[in-house]
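My request is simple: use the sequences and hints to build the entire structure.
Line order of the protein sequences matches chains G and Z.
Heads up, the first sequence is in the numbering used here, so the first residue is 1 and it goes up one at a time.
Heads up, the second sequence is in the numbering used here, so the first residue is 1 and it goes up one at a time.
Relax, there's no trap hidden among the hints.
Here's a subset of chain Z near chain G, in silico, CB distances under 7 Å, partners left out:
(1) SER43
(2) LEU44
(3) GLY97
(4) TYR104
(5) PHE108
(6) PRO110
(7) GLY111
Since the hints were derived computationally from the structure, they do not count as laboratory data.
Please read these numbers as outputs of a predicted model, since none were measured by experiment.
Glycine included, every Cβ here is placed at the ideal spot set by N, Cα and C.
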Amino acid sequence: AQTVTQSQPEMSVQEAETVTLSCTYDTSENNYYLFWYKQPPSRQMILVIRQEAYKQQNATENRFSVNFQKAAKSFSLKISDSQLGDTAMYFCAFTYTGGFKTIFGAGTRLFVKA
Amino acid sequence: GAVVSQHPSWVICKSGTSVKIECRSLDFQATTMFWYRQFPKQSLMLMATSNEGSKATYEQGVEKDKFLINHASLTLSTLTVTSAHPEDSSFYICSAGRQRGPSYEQYFGPGTRLTVT
Numbered sequence: 001a002q003t004v005t006q007s008q009p010e011m012s013v014q015e016a017e018t019v020t021l022s023c024t025y026d027t028s029e030n031n032y033y034l035f036w037y038k039q040p041p042s043r044q045m046i047l048v049i050r051q052e053a054y055k056q057q058n059a060t061e062n063r064f065s066v067n068f069q070k071a072a073k074s075f076s077l078k079i080s081d082s083q084l085g086d087t088a089m090y091f092c093a094f095t096y097t098g099g100f101k102t103i104f105g106a107g108t109r110l111f112v113k114a
Numbered sequence: 001g002a003v004v005s006q007h008p009s010w011v012i013c014k015s016g017t018s019v020k021i022e023c024r025s026l027d028f029q030a031t032t033m034f035w036y037r038q039f040p041k042q043s044l045m046l047m048a049t050s051n052e053g054s055k056a057t058y059e060q061g062v063e064k065d066k067f068l069i070n071h072a073s074l075t076l077s078t079l080t081v082t083s084a085h086p087e088d089s090s091f092y093i094c095s096a097g098r099q100r101g102p103s104y105e106q107y108f109g110p111g112t113r114l115t116v117t
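Dropping the structure here:
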């Protein structure tokens, strides 16, 4: 069975600095998708960034980038130039191509301090 | 991106009654939708996969007779919590996904807060 592990329950970062959230997963699948979602207090899930497992190049979306290490089954999220609006719960998620079920990690609560 | 709506956003019901939650994909057809449950300060737990025109697939430990799922059309899935009890109080989130070329996108509804008194 697939599992997703986020080992940092809570993190804080100063505004404008950089922070990295870690995520590891376990799967025997070769084709899958990885995601980072943000959940603000409104509880609406917001896609931050996605990575297709077949792509070697790390995904980047503006201030957000990932370090995808397929062999190590690691998928960390780097947030550069942190903003107060980045304060939220962040979930790492794994979706496998057979049925597209998504498994979420426990989440990391990020606080951006002014 | 695509939009998924949920209705109602908040519902309070009495113990023993049933509650229906609707999930709609507004601008695309979804053959598969997913239902999640989220307790306060916890992660999303997949409850079931809703398949259009066929029976839902439930995750281990989820009571199919308590959480009835119907996916009657390509844009609508419903979750009915039957004979609700206080322990069913939770935040329920649906999602719909679609494949776009080699990529896959999943869109989440805004969630429904259920309180059973």
